[in-house]
Amino acid sequence: MSGEPPSRGNRSVLLTLFRYEIKRLIRDTRTVLIAIVAPLVLIPGMIFVMRAVERSEERRLDDTVYEYAVTGDEAEWGRAVLAAALEREANDPDTTTGAVRFEERADADADSLLGAGAIHVVVEALSPETYERIRAEEAAEADTETESELSLPTLRLRHRGQSDFSRNAAERLGNRMAEVRSELRDSVYRAGGFPVAIQQVAAVTTENTASAQREGGALLGLALTPFLLFLMLSGGSIMAVDTISGEKERGTLETLLTTAAARSDIVKAKMMGIIAVGISVAAINILNLLLYLVLGVVELPERFVIALSPMDPLLILILFLPLTVLVASALLLLSGYAKSYKEYQLYLFPLLFVFLVPSLVAMLPGMDLRSAIVLFPIAGIGVAVREIMIGEYDWTFLMLAFASTGGAAWWGARLTERTLSMERLISASDLDEADLTGGPALFPRHVLRWFGVMWVTFLVVSLWFGEALGVRGQIVVNILIIMFGGSLLMIRLYGLDAKTVFAFRTVHPAVWLAVLIGIPSGYIVGIGLSGLVNTYLFPVPQNVLEAFGESLLGDDMPLWQLVIMLTVIPGIFEELTFRGALLHGLRKTFGPVAVCLVAGAIFGLFHVSLFRILPTAYLGVLFAAVVLMTGSIFPAMLWHFGNNFIALVPLQLGWVTGETPVPWWAYAAGLAGLVVTFSIVWTVRTPYPDLKEKRPKEFL
Amino acid sequence: MVESMIQVEGLEKSFWDESRGEIRAVDGIDFDCRPGEVFGLLGANGAGKTTTLRMLATILKPTGGRASLNGHDVFSEPEAVRRSLGFFSASTALYPRLTGRETLEFFARINQYPSERVPERVGALIERFGIAEYANARVEKLSSGMKQKISIARTIAHDPPVLIFDEPTVGLDVLAALEMQRVVGELRDEGKTIILSTHIMSEAEKLCDRIGIIDRGRMLALGTLDEHRRATGQHYLEDIFVHFVMANLSDDEGATADIGSPSTSETIR
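These protein sequences, in sequence, are chains D and A.
For the first sequence, our numbering begins at 1 and goes up steadily by one.
For the second sequence, our numbering begins at 1 and goes up steadily by one.
It cannot be assumed that every hint is accurate.
[What the hints assert, rightly or not] Under the rule of at most 25 Å between Cα atoms (straight-line distance), these lysine-lysine pairs were calculated in the DSS-like manner:
| id | chain 1 | residue 1 | chain 2 | residue 2 |
| --- | --- | --- | --- | --- |
| 1 | D | 692 | D | 499 |
| 2 | D | 23 | D | 342 |
| 3 | D | 268 | A | 61 |
| 4 | D | 499 | D | 339 |
| 5 | D | 268 | D | 23 |
| 6 | D | 588 | D | 692 |
| 7 | D | 23 | A | 147 |
| 8 | A | 61 | D | 339 |
| 9 | A | 141 | D | 23 |
[Unchecked claim] What follows is a list of derived Cβ distance ranges for each label pair:
| id | chain 1 | residue 1 | chain 2 | residue 2 | range |
| --- | --- | --- | --- | --- | --- |
| 10 | D | 449 | A | 96 | 31 to 39 Å |
| 11 | A | 75 | D | 445 | 32 to 40 Å |
| 12 | D | 414 | A | 75 | 17 to 25 Å |
| 13 | A | 170 | D | 23 | 48 to 56 Å |
By construction, these hints were calculated from the structure, which means they are not laboratory data.
Beta carbons are placed, not taken as given, at the ideal position from N, Cα and C, and that holds for glycine.
Chain D extracted, bound-state conformation:
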């Protein structure tokens, strides 16, 4: 539905709308208290309590009189070293915390006292022979081999790591004793003259040429964008949730829309409201944090200095501007899309990810502005802000970052304005036949949820149990149990017809020829695509790629098993899952092109490694397109099998290696091959039945 004819709007109406938006929010005492005031009071309270506990604990550690016992065949020597160490501890003017007192306990069975917690530390003074013997015994017990060391008398401090006191005692005592030893050694060296040339004992030091400001800037620059973004999103949400979904739920939206206020003014006022609240919440939290810094409740890391030129905050502010608008648009869009508060909250969580994940890109090691990342909204800003904080101004790229996010913001704002003129806001009766009839009618609406659950299960299994399962286990669990099992479960629960869901239909013979051309063509183009992605989008280090290859092939399986596991099973069961169940579920939700893209993207997501998502999604799109055009799953099965086969077998037989270069004409031939493939398939097409009907133009 196209909106109203454009109007210039009315400034005083806009201001009235904005004023009342804010007024209504502020009147919502509970929201304001919980969302804004509570964190301000709770966080300092928590920090304060934690600091207090920490201090009292530190004091307890300092005040305790630590007890130790001295054992071993060189106990007398040990006591002498100890005495020197304790003297240092008592008289050292450098210590920041007060000196700690130690007391010796003379007892026969020091180890059991230590075990019982009656003393804090046992100092073992051992002659070289005894030390060797003890070590050999311990090694035999632990079944490891000992490396021979210089034969020296040894002081061993035994403590219990689970007790703070015992650990603290051992640490302090150990440090003091090491200092004593080192001093002694130095004086011996000096007294005897160096036995070797001075160059042979030369020290190595590293020197950091960056100023403290730059380092501080780099650190803060990483965190600033995600931090501010999070505050904006959570703060703006306070307003956004109330602003359309709330109005819808209370029925005030219709009242508002029947007034003379222009739709554009209503949207603008709501956006201004979200921005104002988001910025206020962000500002309040930052001031709060600064206050704690000043009061000393929170401490910055040592040497943390930030020096910004007066221009920098301005520049950062300008860069954040489109981000703010983008956040407001997204929240408003969400609010317009959600039918109720509850739905809004449901959608907010994924939205947080959509925003926060790209903003975290700046944290990737080695990521700088001069890469394709600058073209990604949000991510570009994140990297740009970091660059400014470390004092590097790459103007072209700063402008590119601004332009990409600015473009997204403009597009978002327009989209949002259109939502308000959407009739769905008012007229949707929300009478869903599917809810009443259930079964097959309900399946299309639940299918994405099912795949969501399957994806999480898949991810958990792959990340946590991947190694334990091995390749065979992973394929059985992931493909056969999670994916195919899930599909069968859906068919059963929704009473679907398996033959229809899995698209078991015969095809025109020419399709087989087309697929045979498509297999090598699609594969070559896929290689080119991964190359582009790896080079320009997400640079993947070579060793990661190699490790991946080994992880697949590391189990020393014979070739025939690899073929079954990596080509036949995926070819059949991944197709049944993604081009069968998923495609069937999505067929009416989106138009054919979007179905291919969505089904492809989901297929991509089921391949854990980040760098595989795009190439597999690309394959998924190809397979889905073939299924939609032929109405049958069999060509896609053949293609999938063939693709995996030529990816696996030549490599296994050593005909090619990962480094074998692909000439440019191969890519061109691949692209041409794909065109031929789809031309043939299109010519003899027997489309997938029961697709979404095209909405007539007047209803758009």
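Dock chain A against the given chain D, drawing on the hints supplied.
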């Protein structure tokens, strides 16, 4: 002064339903309203009354035909249309966290009532509807009767020449419904042009100068109560209504309808 306050010609609205395809909620409706008259739209639930009125209020966009209000076209001048219009329905709620006074001020302002006269206007409305006592309390704290008064006052906050009341008495008790009817009569006496949709026959009989009978998106008959009586030979509006609806049904399905069967008039109520 325009001759017709509201002009509707061949107005259509189709919705698209993913499973059922095109649904014609309003299927070519014509009528016009003269200044100062109360025009009644009478029809069963789902007949297309609300959709028609929402198109006039420019909340929905017609898929065919033309309509204008106070000389402004609903397609090209939606804001001017809404400025001339007060829209009241059972689903137009009030902001719970605003007071009655703020509500009136807010709606007067966003409907572009001259800003220097807003306080005066709000004061007058508060007095007229007798809401002074609770004008400074938040709407959420008020009883439904009090809310109804503020809601009506809100509808006319900017003193529009045209008022649309879409099933205004739905869900009200007898006294509140009578109060609503009294207000509508009063507004008519002040010279406002009013469209009133209802499925309650007595309400239409009592208030409306002319009545349009609407069924399944089509206007079946249009005229004064007397004209309807002469055309159908029935006296009561209820019977007149059933007469037209049954005729429409038999037109569509080619079946002879049992006119005036009790079960049919039950469903209309």
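Hint check results:
Between residue 692(D) and residue 499(D) the alpha-carbon distance is near 20 Å, which keeps this suggested pair within the 25 Å criterion. Note on residue 23(D) and residue 342(D): the hinted pairing holds, with a Cα-Cα distance of about 23 Å set against a maximum of 25 Å. Restraint check for residue 268(D) and residue 61(A): the C-alpha separation of about 22 Å stays at or below 25 Å, so the hint holds. A hinted pair counts as satisfied when its Cα atoms are at most 25 Å apart, and residue 499(D) with residue 339(D) does not qualify at roughly 36 Å.
A C-alpha spacing of about 16 Å is found between residue 268(D) and residue 23(D), which places the hinted pair at or below 25 Å, so the restraint holds. Between residue 588(D) and residue 692(D) the alpha-carbon distance is near 4 Å, which keeps this suggested pair within the 25 Å criterion. In summary, the hint linking residue 23(D) to residue 147(A) is supported, as the alpha carbons are separated by about 20 Å, within the 25 Å threshold. Note on residue 61(A) and residue 339(D): the hinted pairing holds, with a Cα-Cα distance of about 21 Å set against a maximum of 25 Å.
Only pairs whose Cα atoms come within 25 Å are accepted, and residue 141(A) paired with residue 23(D) is accepted, the gap being roughly 17 Å. In this structure the supplied range 31 to 39 Å holds for residue 449(D) paired with residue 96(A), their Cβ-Cβ distance being about 34 Å. Between residue 75(A) and residue 445(D), the C-beta spacing of about 35 Å keeps the proposed range 32 to 40 Å intact. For residue 414(D) paired with residue 75(A), a C-beta distance near 21 Å keeps the hint of 17 to 25 Å intact.
About 30 Å separates the C-beta atoms of residue 170(A) and residue 23(D), a value inconsistent with the hinted range of 48 to 56 Å.
In this structure, the earlier hints numbered 4, 13 are contradicted, and the remaining ones agree with it.
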